[in-house]
Structure formats: C-alpha cells, structure tokens
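We have chain A already, so just place chain B on it with the hints.
For the protein sequence lines, the chains are A and B, in the order given.
The numbering of the first sequence is the working numbering, which starts it at 1 and goes up by one.
The numbering of the second sequence is the working numbering, which starts it at 444 and goes up by one.
Source of the hints: derived by calculation from the structure; they are not laboratory data.
In this text, all values refer to a predicted model and were calculated from it rather than measured experimentally.
Positions of the beta carbon are idealized from the N, C-alpha and C atoms, including for glycine.
Heads up, none of these hints are tricks.
Here are some, though not all, of the chain A residues that point toward chain B, as calculated from beta-carbon distances under 7 Å:
no., residue
1, F182
2, A201
3, Y426
Pulled from the structure, derived: some chain A residues nowhere near chain B, Cβ distances all over 10 Å:
no., residue
4, L40
5, Y47
6, A131
7, N381
8, Q404
9, Y406
Below, computed lysine to aspartate or glutamate pairings styled on EDC-like, alpha-carbon distance capped at 16 Å:
no., chain 1, residue 1, chain 2, residue 2
10, B, K981, A, D146
11, B, K944, B, E760
12, B, K855, B, E937
13, A, K341, B, D974
14, B, K976, A, E145
15, A, K318, B, E766
16, B, K976, A, D146
17, A, K433, B, D670
18, A, K318, B, D974
19, A, K318, A, E303
20, B, K976, A, D338
21, B, K807, A, E430
22, B, K981, A, E145
23, B, K801, B, E766
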Amino acid sequence: MTTIQTLPGIPFWKRYLLRLSIVFILLLSVPLQVDFYQQLLGISWQYLLSDLFNLVIFLPHFFGDISGFADWFLLLAIAALVAGLWTVKGRVDPGREASLYYFLRIFVRFRLAAILSVAGLTKLFAIFAPALSLSHLNTPYGYFEDWKQLYLSLSAAPAYVIFLGVIELLATVLLLFRRTSFLAVLIIIPFYGNVFLADLAYGGRHYLASAFTVLLTLPIFFYDARRLAQLVIQFDYTSPQRWQFDWSQVHLGYSRWIFKLLFVLLFIGLAGFKSYEVSKTASLYYPEQPGLPGIAGKYLVDEFIINGDTIPFSPANKQRWRDVVFEQWNTLSVRINDAIKTAAPAKFLADQQRDYEYTQVGGRLYYRYTTAPNRTILLKNPNPAYPNDSLRLQLLRPDSTHIQLYGTNSTGDTLSIALQKVNKKYLLYEVGKRGRDRLGFKL
Amino acid sequence: MQIAEKIQTERVGAKVAPTPKWTLLQRIAFRISFIFFIIISIPNSPLWYKHVFAINWFNLDYRDLYDICRFGSGVSWFGRTTFGSRLEGYSIWVNTFFFAVLLGLLWTGLAKLLKKEKRSYNRLYYWLNVIVRYRAGLGIIGFGFTKLFPVQMPYPSYGILDTDYGDLTAQKIFWLSFGIVPWYQVFAGILEVTAGTLLLFRRTVAVGATLLVGALGAIVVVNFAYDGGVHVYSSYFVLLSLFLLVPYFGPYYQVFIREQPARIALFFPNFKGRLNEIRIGLKGIIIFIFLIVFFYLQYVDFRYDPYKQPSTAGVQELRGNYEVTEFRLNGVLRPFNPYDSLRWQSATFEKWSTLTFKVNKPLKLDLSNGGGDPKRDVNRTFEISGVAGGQRAFHYYVDTVNQHLYLEDKYKLIPDQRNVTAGEGGDGGVRNYLKSAKGPEEKRPAISLADWIPAKVKASLGDEADYVAKPARTARRLREFAKADELAAKEIRERFVVAYKIIDGGNRVILTGIDEHRDSIYVILDRAIRDYKISPGKFEAGNYDR
Chain A
1 MTTIQTLPGI
11 PFWKRYLLRL
21 SIVFILLLSV
31 PLQVDFYQQL
41 LGISWQYLLS
51 DLFNLVIFLP
61 HFFGDISGFA
71 DWFLLLAIAA
81 LVAGLWTVKG
91 RVDPGREASL
101 YYFLRIFVRF
111 RLAAILSVAG
121 LTKLFAIFAP
131 ALSLSHLNTP
141 YGYFEDWKQL
151 YLSLSAAPAY
161 VIFLGVIELL
171 ATVLLLFRRT
181 SFLAVLIIIP
191 FYGNVFLADL
201 AYGGRHYLAS
211 AFTVLLTLPI
221 FFYDARRLAQ
231 LVIQFDYTSP
241 QRWQFDWSQV
251 HLGYSRWIFK
261 LLFVLLFIGL
271 AGFKSYEVSK
281 TASLYYPEQP
291 GLPGIAGKYL
301 VDEFIINGDT
311 IPFSPANKQR
321 WRDVVFEQWN
331 TLSVRINDAI
341 KTAAPAKFLA
351 DQQRDYEYTQ
361 VGGRLYYRYT
371 TAPNRTILLK
381 NPNPAYPNDS
391 LRLQLLRPDS
401 THIQLYGTNS
411 TGDTLSIALQ
421 KVNKKYLLYE
431 VGKRGRDRLG
441 FKL
Chain B
444 MQIAEKIQTE
454 RVGAKVAPTP
464 KWTLLQRIAF
474 RISFIFFIII
484 SIPNSPLWYK
494 HVFAINWFNL
504 DYRDLYDICR
514 FGSGVSWFGR
524 TTFGSRLEGY
534 SIWVNTFFFA
544 VLLGLLWTGL
554 AKLLKKEKRS
564 YNRLYYWLNV
574 IVRYRAGLGI
584 IGFGFTKLFP
594 VQMPYPSYGI
604 LDTDYGDLTA
614 QKIFWLSFGI
624 VPWYQVFAGI
634 LEVTAGTLLL
644 FRRTVAVGAT
654 LLVGALGAIV
664 VVNFAYDGGV
674 HVYSSYFVLL
684 SLFLLVPYFG
694 PYYQVFIREQ
704 PARIALFFPN
714 FKGRLNEIRI
724 GLKGIIIFIF
734 LIVFFYLQYV
744 DFRYDPYKQP
754 STAGVQELRG
764 NYEVTEFRLN
774 GVLRPFNPYD
784 SLRWQSATFE
794 KWSTLTFKVN
804 KPLKLDLSNG
814 GGDPKRDVNR
824 TFEISGVAGG
834 QRAFHYYVDT
844 VNQHLYLEDK
854 YKLIPDQRNV
864 TAGEGGDGGV
874 RNYLKSAKGP
884 EEKRPAISLA
894 DWIPAKVKAS
904 LGDEADYVAK
914 PARTARRLRE
924 FAKADELAAK
934 EIRERFVVAY
944 KIIDGGNRVI
954 LTGIDEHRDS
964 IYVILDRAIR
974 DYKISPGKFE
984 AGNYDR
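The shape of chain A in the complex, shown without the other chains:
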C-alpha cells in the first residue's frame, strides 16, 4: 500500500463557499445586538438554565423581536460580499484552506454542543414541557392554539421528552470529540430537521433556531459526506481523511483541552446541576405563590347572583360562570361562554413571566389572587388583553366542598357566587392507573 501526497488545486468556488460559510455562520453566531449583552449581564443564578437557553439560541433580529428571514438574507448578502473580497484577495494555499475549514468545524462543534446540551438538559429534567394544569385539563381540546397543543401533548407523557433529551445529550458528548462529531451530526440533522418541520407545522415562532442548528451541522457533514457515500453506497474501499492541524505551531496549543474542560464544566456540569435543582424545586411556568390551603380542585357554580339578579344554570348565558378551577398555586380560572382574547407567550422559559397557563388558550378567564384581610381575595387577570379585569371577593368556606364568594368586579357589579367541589376523575390519569386492557371501563 503506497500513499501519495498530493496538493490538489482548489477551485475558486470551493474557496468561496468556505469563506461564505465562515462569515455567514459567524455573523449569525456572534451577537451584535445590545439585548444579548443585557441578557448576559442580567443572567440570574436561580434561573441559570432558562437564561442560558435564551442566550444559546440567540439569533440576530434587526427587524423585529425575533429572528426572521429578512435578517438572514441581510447577513447572507453581507457574507457573500465579504467572502467575495476575501477569496479574491487571499493567496491560494491548500494548507491555509484546510486550517480555515478545520477551525470552522471546531467552532460549529462547540456552538452546536452549547445549544444541544442546554436544550437536552431542559428535556432530561422535564423542564422543557410543564405539567398539565387543572385548568388545562378542564378546557376542551379545540380551545388551544396549535403551538400549545404541541406543548400539552409533550406534557402528557414526560417520558418521551426525557428520551429526546437523552438523545440531545448523547449528541452533545459526541460533538466534543473530532472523530465522533460526524456521528453526532448524523443524529442531529434528522433530529433538528424534524424539529424545524414541527415548528413550522405547529406555528412555532422560533423555527429559525432549529434551522440554525441544522445549518451548523453542515460543515461537519459535508467534510465527510463523500467518504460516507463511498463507503456505504458505492461499497468502495474508503480511506479516512488524515490531515491534521499542527497544534505545536500555536502558542499554548497543547493546552487546548483546558477550554474543552471549561466548556464541559459550564454547559454540562453547572447547567446540569442547575437544571436538576430547578426540576426539584420550582416550576418555570406557573406562579410560585401557593394557593389557599386545600382549595385546589374543580368547582361547579351552583348559584350566580349579579347585582341582585339570580342567573339560573344556562348553557348559553355569557355572564354566568360555568365552572371554577382553583390551582395548587394562586390561580383561579373560570369557564365562561364568551369568546376569550388570547395572548401570545413571552420569550420561552423567561422566568419573570410565568404566563404559560393563560397564553394561547381560550375557554377560561384566568385570575391570579392575593389575600387581603377579612377573608378577602383580590383577583387580577394577568392576560394583557384584559388590563382592567379584576375582582375583589370575600371568600368563605362553610365546609371542605363549598365556597361562597361575595364582592364586586372591576365594572362595579356586585356578585354572589356559590361553588361546589366536584370529584372529577380524569381519563388521562385513570387509564394510566388501570390500563387500557379491560372491557367495560367506565368513567
């Protein structure tokens, strides 16, 4: 077996494409906007994971609050120009080309690993999709927007999300090493290609984040794709690429493992620890404030008196409440017959917002309550579409299943409402307890 060292001439288009890739990927990856640095400086220790998540998927957004195709076209145009100048100016040196490509691959490996580890950890620790709330369980299927449907369906079976997280973390580990990085992108491309399509299908707003992830895999993929095809499609004898960068030329070149170690400590060690902590203590989606003790549950509205007029049970009346849900936390939601104005969610996992329960869903009005003296609760609708919707109610609990509410709403109507707790059993959970494999299951 003889080996012949050759230095083939490199066509213009290859040199151009390489430079285009480098400039374009750098322009997309290096944040040029102030809000990134504001977020970076405002990073919170308690919610490290959600802040990290938003930082690693940060993409340029010159024309709006999130990255759009316009941003990408602009940056692509700039990259095309810069790459053109660079290609024409630079001299042709195969070694230099190889080194440039090598550093591009290193860059995308770690950029990808940062995204995948954080995304994987949110899934592994089931932070990604929150538990279903009682209000959601008591809202008809058709009242959720498509994107919410995706989240709810993931919430219904945490095991699947955990599996997805394990795959992402596996890919992260494979990305840390040059020789396994090709295998990693063979996993990531279908995974994130699928995420991209799901984003489009369910009307997710951040579909360019998954597109970006796929884009980052391409330098690694195309480096070895031809060899893979030669091996598994053409069944040819295949030699590996043996070119290696000479790290001894670089000052401290042999200490580069330290950077890798730091990367692992931050994105796997620390981020992993913090996500474990979050998963054990708080939800990032629902309010932290606990609700009144022992009140959580579903209640039917036995009596509804507004301004002294009793409104009897009615399937169509728009004023009357149909049922009320008290959550474990300080939320109360009311099913009504009227149309609901939905709000869009704030940034994903943003800790201050905790708007998950009332965004992208209709059917119910949501109120956060605080207690006041004289057994009174003050209710405020957090939905920005209802800025003035608030209630002041005296809450009496004659026994463990009944609640009496007296008070006024924001338009000055007086209300007197009697609630009775119902022992609602949810098929979603009941069937898990008893299994589907029996006849005559009754619920």
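Chain B alone, transformed into the frame defined by chain A:
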C-alpha cells in the same frame, strides 16, 4: 468539500472477496440469525394466507395491500408468554430466538457430524438480507402510506374538539396532536415510504435502514410513553433495520472513528441473462404494486373513504355544535342543570353520519386505538375511542323524505378486532382487551334491531355499500356489506329513532322521538359557535360535501 491535502491510498484489489473463511462463531451466529430472521419475516397466521388468496386484484382496496404488508410473525406454538410473562408483548420474539438458538446449534452439530462444514455463507447471507430488506421495506411502506395521505391520525371531530383535555387518554392525545397538523403527518409518511423504498435497492440499504432506526425508534418510545400499544410492531422495524446494518458498523468505526481505511464486506451474486431478467421483472412488479398502485389506492381511501372516519356525509344543515335549549323526557321539562344525569348537556352533528351528545354520568368507554379495517360507518370508532367526558356517539341512517334519523350507539362492549391478518406477533389488538375473560353482563337493548327500522324505510335507504363514491366501492367493501345484516345482528347496541325538524337553516333543530330506553324525548337544539383557537382542518380527508 475536501480541501485539505489528501492522502490518496491506492485502491486495493477492486474485488476483495468478503472474509474468505468464516470462523466457527461467525457460522453459529449466522445460522441462528438465519433461522430467527426467516421466521420473523414470514407471516405466522393462516388468516394472512387466506386473505392474500381472497384478494380481488381487479377491484383492490388500499387495505388489501396494507394487510399484505402488515402481518404477525414468530414462533407462536409456545404460547404468548415466556416463563409466564408477556414481556410487554415481546415474548414471541424471545421464544422465537430460543427456538432459533436450538435449531442453530443443531444445524452446527449436524454439519460437524456429517463433515459438511461450509467455508462461508456469503450466498445465503445475501438471500437472508434480501428477505429481511423486502420484509422491512414493504412493511414500512404499508405503514407510511396511511400517513402520506393523512388518514392514520384524523383531524379531531366536532365532538372531540368539544371534549375536555383531561377526558382523553394519552394515546388519544398523541394521535390527535398529529392529526391537527396533516402536512407534518404527510412528511412523516414520505419519510417512511422513502425509507422503505431505499431498502429495496442494495446500494441504499444503509440509508434506508438508518432512517428506519431513527424514525421507528422514536415511535417505539412514543408508544411506551403514551401507551400507544404499537410498540412491538414498531420495534420490529428497528430490529430488522439493525440487522441490515450489521455489515456497516465495523467499517464505519474503522474509517470515521479509528481513521483507518476499510470497505464493506458484502457479497452480491452476479445475476446473468434470464436470471437477471426475472430478478428485474419481479422487482418491477413489486415496485409497481406497492408504490404506484398503493399510492393510487391510498389516495382513493383518503379522498372518499378515510378508514378511521365514517365515509357517509352527514345531513348538511345539521352539522355543527349545539346547545340543548330545551329537553323533555316523557313530557317532563328538564331545565339545563350540569348535575342532571338524564338530560343532554350539549350535542354535535358531525360532518359525517354521527350525532354526539353529552350526559353527566359515567359511561362505558372504548379504550382501543379506534383503527382497524371496518367498512361499516358504525364500526369506525376513532371519534369515541379514548374519549370520556360523558360523550355518547350515535351513528345514524337518515330518511330525508320523512325526516327521521335512525340512530345506533357507536359503542359496543367488544370492539372489532383490528388488523385481523396480523395474527400472533402483531400487537394483539382486541385480544389484549379480552384478557379479562368475561366482561360485565350485557343488557339486551330496549329497541331490538328488528324493531328499529321499518322494512319500508330500510328498503328506501338503499345499499349502504353504495354510499361512497364509485372508486371506493372496492371488492372488499362489497364483501363486507354483503354480510352487513348478519354482522349487525351479532352486535349488542342501543338504538333509537327521532324525527328532526330543521329551522332557520339549521340554527335550530328539533328532535322528537323515543330514546334508547323507549322514553319519549323532545329536544330543542340551538346552534352554538365555539370560540376555538385551534386552526381549522387543512387537507382534510373524506368527501362530505356532496
């Protein structure tokens, strides 16, 4: 993009014979695999063979081909358990494996004894790969087409849209979450059909099998996480694909991880002359039937007769959601009250021939996946399976002349068996539900089948087989409807009859008649426009606007 300096290694003998002599261990492993994979690639249910011989090839139904692709396999003589455990349904594989080990060792012993040791099994290995490739390829193509034309996971019915989230099973939730995004389902279908097609060509096996491991691996996990019940059948494709990938693992590891030159050691026989013509001819026929004809048949199913939804159009003016404004039972007015267990709380008329209404009392539920191959609308139960919340669903025949609805409960205690030909090693379908050998006693319905529709009306209803458009009147459909009366007589269902009156173009509907307990009912329904946030169905299956 290879820019770097290259080390070009001279190609070593273009025709390297794959490992000339196999070791003893290799030979034993091969013999066991050979027996195991042959057994699990062959249908084990006599029903499958019966079905294939009964196919009318001149009036095909998509389900005819689907059933060819979907069968159970494995050694079923030792029952459905291993040491008393079902192993989540995998026991048939384990039993088959034990059986294969036994025969494999016996084979090795005999070969030694008779001094008929072979140097290698390259040729036999090739044929084993061919069988597994075609089994996996056709199997997933059959599966994929029901997604490519999105009928496997239908868009939720009006009744389901109006059902509280907590009143659905996890399985239902997952299926519906696919149903609401048909284009995504189409993409999944394209992926599966492509993976299957790639397995039919030797050079693209690695790509096809890898796609299959990824896609079906995820489906296995989904089935465990959501209790979907199809975990064994989806694992089947993962297992077959992993077997097909065995020759590729080593060389991949060599080239990309160890960075050593390597090649795939696979032997391909050289087909010449007549033999090659036969090979190409057979392959052409398979591709024609399972890709081209199947595509057309699945299109017909999607367009006219989506297999999980009733295909008969519902009365146009009735369709939609209703509030029950007035409800009289035996003449007594029952005002709206969420605690009332007799009154209807709300109702829907579907696009197809179904009426649903909600009552406030526990109901017996159909917890199956609601799939299968029934042709009669009453047995298409996707709209009730895995759905609680007191919602009852009734299939109806409509007499438009006298404005009468003849309704029958879509629920029956023993759901139809799904995938009959799948046999042992399939997912078991309804047999799983029969575990609790004797279900609760069933009451005879108050209105018997004979009392239900008067003969004169029945004659005027015509043949239900013809309710679908002509292309969907397949031999299979006609065959099932020829037995429809016989099948209906066996089913225990509640039935009732009402006259309907459409007022103001369907904004108000009045139903009068006798209900399933022979009580008289008088119901005023007022149309309700629901404030749904979900995006309305796109690319919807069925033909309901005739």
